[in-house]
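J.: Letter by letter, the chains look like this.
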Amino acid sequence: AQKVTQAQTEISVVEKEDVTLDCVYETRDTTYYLFWYKQPPSGELVFLIRRNSFDEQNEISGRYSWNFQKSTSSFNFTITASQVVDSAVYFCALSEGLKGGGADGLTFGKGTHLIIQP
Amino acid sequence: DAGITQSPRHKVTETGTPVTLRCHQTENHRYMYWYRQDPGHGLRLIHYSYGVKDTDKGEVSDGYSVSRSKTEDFLLTLESATSSQTSVYFCAISVGYRDRVNTGELFFGEGSRLTVL
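Chains as they are written, first to last, in this note's numbering: chain A, 1 to 118; chain B, 1001 to 1117.
Next comes chain A alone, as it looks inside the complex (with noise of 0.2 Å):
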């Protein structure tokens, strides 16, 4: 069965700081995808980014990476010169199953709560 584990509960930084947010997944399939959901303080699941387990690149957008290293099952999001702006719960998910079109939902990890204090 999927897992998906995301150790830190809770990180809190100052504004400017870089900051990392592991999670670690587990899976039997060779075809699956991972992603990371945003949920700021007003509650709302903002998809943030969907990496297929083909493909190792790294992926950068503005302020943000990640880093998705199967060796080690890992898919890491890191932040850049963090901002206010970026504190919320952020979550990590591994979908799989996915040959055929079928799909039986995402699994989450328990997510990270990222405080970034000015």
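Hints were generated in silico from the structure; no laboratory data involved.
Hints may be right or wrong, so weigh each one.
[Stated by the list, open to error] Which chain B residues face chain A? A few, computed with CB under 10 Å, are given here:
1) G1040
2) H1041
3) G1042
4) R1044
5) L1045
6) Y1050
7) G1058
8) Y1064
9) A1092
10) V1095
11) L1106
12) F1107
13) G1111
14) T1115
15) V1116
16) L1117
Just so you know, even glycine gets a beta-carbon here, dropped at the ideal spot from N, CA and C.
For chain A, the structure is supplied; the task is to place chain B on it using the hints.
T.: Structure of chain B alone, referenced to chain A:
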């Protein structure tokens, strides 16, 4: 953007009463999901649907039932609410397709906060 409307957004009810949460989508997506979010547990899948009248159980389905009689509506029912079902409930639709394969990417509704006294 996919449109999802959840109703009600907030509800307070008493133990033992039935509750139905509604998820309505406007873009004819095939897959729909109900999750609950609780502190310390993240989001957990309750039930999902892969078409009209086609549903399946998720990780935490006990005490919940679902129905999908139309593509656009996915209902979550608590037949007899308990305090342990106090939670925030999110509906989601699957929106990610790549080379005709569903990638699993979900778009979420705004959530429904349910309090069972």
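J.: Compare the structure with each hint and give your call.
T.: Against the structure, the hints come out as follows:
| no. | hint | in the structure |
| --- | --- | --- |
| 1 | G1040 | holds, 6 Å |
| 2 | H1041 | holds, 6 Å |
| 3 | G1042 | holds, 4 Å |
| 4 | R1044 | holds, 7 Å |
| 5 | L1045 | holds, 5 Å |
| 6 | Y1050 | holds, 7 Å |
| 7 | G1058 | holds, 6 Å |
| 8 | Y1064 | violated, 14 Å |
| 9 | A1092 | holds, 8 Å |
| 10 | V1095 | holds, 9 Å |
| 11 | L1106 | holds, 6 Å |
| 12 | F1107 | holds, 7 Å |
| 13 | G1111 | holds, 6 Å |
| 14 | T1115 | violated, 15 Å |
| 15 | V1116 | violated, 19 Å |
| 16 | L1117 | violated, 22 Å |
In this structure, the hints that do not hold are numbers 8, 14, 15 and 16, in rising order.
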